Each structure stands twice: as structure tokens, then as C-alpha cells.
Amino acid sequence: WLREQMLLAIGYTVLLSVNIVFSVLFWPDLRDNIPQIIKLIPLEPLQDFFRAMDNYGFWAYFCFQQFWKAAGVFGIAAAGLMGTGIIARDVDNRTIELLLSRPISRARILFARWSAGALLLMLPLFLTTAIGVQLAPGVDESIAWAPAMQATAYVSLFILGVYTLAAALSAHFSHQLTAGILVLGFMLLQFAFYLIKGLWDISLYNLIDLDPLLPFVDGVLAWRNAALMSGAVLTFYGIAWLKFERRNF
Numbered sequence: 003w004l005r006e007q008m009l010l011a012i013g014y015t016v017l018l019s020v021n022i023v024f025s026v027l028f029w030p031d032l033r034d035n036i037p038q039i040i041k042l043i044p045l046e047p048l049q050d051f052f053r054a055m056d057n058y059g060f061w062a063y064f065c066f067q068q069f070w071k072a073a074g075v076f077g078i079a080a081a082g083l084m085g086t087g088i089i090a091r092d093v094d095n096r097t098i099e100l101l102l103s104r105p106i107s108r109a110r111i112l113f114a115r116w117s118a119g120a121l122l123l124m125l126p127l128f129l130t131t132a133i134g135v136q137l138a139p140g141v142d143e144s145i146a147w148a149p150a151m152q153a154t155a156y157v158s159l160f161i162l163g164v165y166t167l168a169a170a171l172s173a174h175f176s177h178q179l180t181a182g183i184l185v186l187g188f189m190l191l192q193f194a195f196y197l198i199k200g201l202w203d204i205s206l207y208n209l210i211d212l213d214p215l216l217p218f219v220d221g222v223l224a225w226r227n228a229a230l231m232s233g234a235v236l237t238f239y240g241i242a243w244l245k246f247e248r249r250n251f
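Residue 157 in the numbering used here sits at position 155 of the sequence shown, with consecutive numbering throughout.
These aren't lab readings, by the way, just hints derived from the structure by calculation.
Computed from a predicted structure; not experimentally measured.
Take these hints with a grain of salt, some might be off.
As the list claims (entries may be wrong) - Result set (EDC-like, lysine to aspartate or glutamate): computed pairs, CA atoms no more than 20 Å apart in a straight line:
#1 Lys71 - Asp50
#2 Lys71 - Asp31
#3 Lys71 - Asp56
Based on the sequences and whatever the hints tell you, model everything.
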């Protein structure tokens with residue numbers, strides 16, 4: 003199980019690394035052409051991203067590329083795949099009886115797997131944020147370490163929420179594919195809502211767009227959103243634990 007999770011984490015890290023490196027290197031070509039690009043974009047939410055880049059510069063661009071796009075797409079995909087494999091993978095492979103026959107409590111199995119997967123999800127995001135901060139001077143820009151790391155921790159809560167929801171579904175369903183389709187389908191629907199005028203406000207992706215992230219550079223942290231996401235993580239973990247404890251295989 004751990005070997006499979008590590009392979010997923012390596013692929014996830016590669017995707018995040020390629021995204022941040024090429025994004026930072028592309029910034030000088032984009033920097034002076036933002037007003038013209040806005041006129042070519044048909045979707046209002048995407049126009050707002052580029053208006054923010056025009057007003058706030060590289061920090062807005064960095065938040066868009068690293069947190070909304072990379073974490074919001076690659077991170078969510080990794081969270082769904084890794085979370086749904088915590089329990090349902092063993093049920094699929096008919097190894098759950100062997101796992102439960104060992105003198106280890108179900109609570110310990112869940113916590114060990116959940117925490118290992120959570121660590122493998124968070125570390126690549128922090129690593130690639132650090133890469134972006136280090137590369138910024140190469141394009142005549144700079145990002146302070148504190149807001150960059152704080153924003154990374156904040157967005158990590160969003161990813162952990164999806165990961166823990168996937169874990170709860172993994173404890174409920176007997177097939178990993180079923181749990182995966184449900185959680186990733188739900189998040190794709192939320193992404194689609196974000197891009198549709200009139201549905202934008204009900205999308206969970208508002209939690210990691212530029213509105214809560216831009217103030218981090220001024221030391222204004224989105225504590226309320228962070229508390230909500232932390233509560234969601236704890237709630238989903240509690241559901242996963244209850245489902246796993248009470249389930250007969």
C-alpha cells in the first residue's frame with residue numbers, strides 16, 4: 003500500500019514541479035500583455051484572475067498557478083486517488099481479512115494510513131512552493147517566505163478535506179473505483195460551478211481562489227475559512243473511523 007502511495011506522490015510531485023518551473027519562467031512573457039489577454043478570455047472568473055495579476059503582479063500569478071490551478075487540479079486528483087485506496091483497495095484485492103487478522107486495532111490502521119497519505123500529499127506542495135520562491139528572483143520578482151508558506155498550509159487544508167472525504171467513502175464502499183468516481187466527480191462539478199456565471203458563489207473552489215489568498219501577502223490570514231476546512235477534515239475523519247469500526251467484511 004505504501005509503495006503505491008509513494009509512486010502516486012512521486013508523479014504528483016513531478017506534475018507540480020513542472021507546473022511551477024514553467025509558470026515562473028513564463029511570467030516575463032505574460033507580465034506586459036495582461037490587458038490584451040483579458041480581452042481574449044470569454045469566462046468572467048478567468049478574467050478576474052488576470053485583472054488581479056494586473057493589479058497585484060507576481061503574487062497573484064503565483065497564487066493562481068500554484069494554489070488554484072496546480073493544487074486545485076493535480077492536488078485534488080491525487081487526494082482522490084490516495085484517499086480512496088486507504089480501505090477499499092484491500093477490499094478490492096480481498097486482502098482486508100489478512101490486514102484485520104493482525105494484532106493491530108482498526109483505529110491504528112486507519113490513522114497510520116491516513117497520516118502517511120496526508121504527509122505524502124502535503125510535502126510536494128510545500129516543496130514546489132519553495133522552488134517557486136527560489137526561482138522568482140530569476141524573473142526579477144520576489145516572494146516572502148512567510149506568506150508563501152502560510153498560503154501553502156491554508157491550501158493544504160482544502161486538499162486534506164477532499165482526501166479525508168475520499169477516505170470516508172473508502173471505508174464505506176467495497177470498490178475503490180466507486181469511491182473515486184464519487185469524490186472526483188463531486189469536485190469536477192464544483193470546478194464546473196466555479197466557471198459558470200450565477201453558480202460561482204456556491205463552488206467550493208472559492209476557498210482557494212485569489213480572494214482569500216491575496217491578503218496573505220499583507221499578513222491577513224483567512225482564519226474563518228481555515229477553521230471551516232479543519233472542521234471538515236475532522237468530521238470526515240470521524241465518519242471514516244466510525245464506518246471502518248462498525249463494518250463487517
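> Are there hints from earlier that the structure breaks, and if so, what are their numbers?
Replying inline: none
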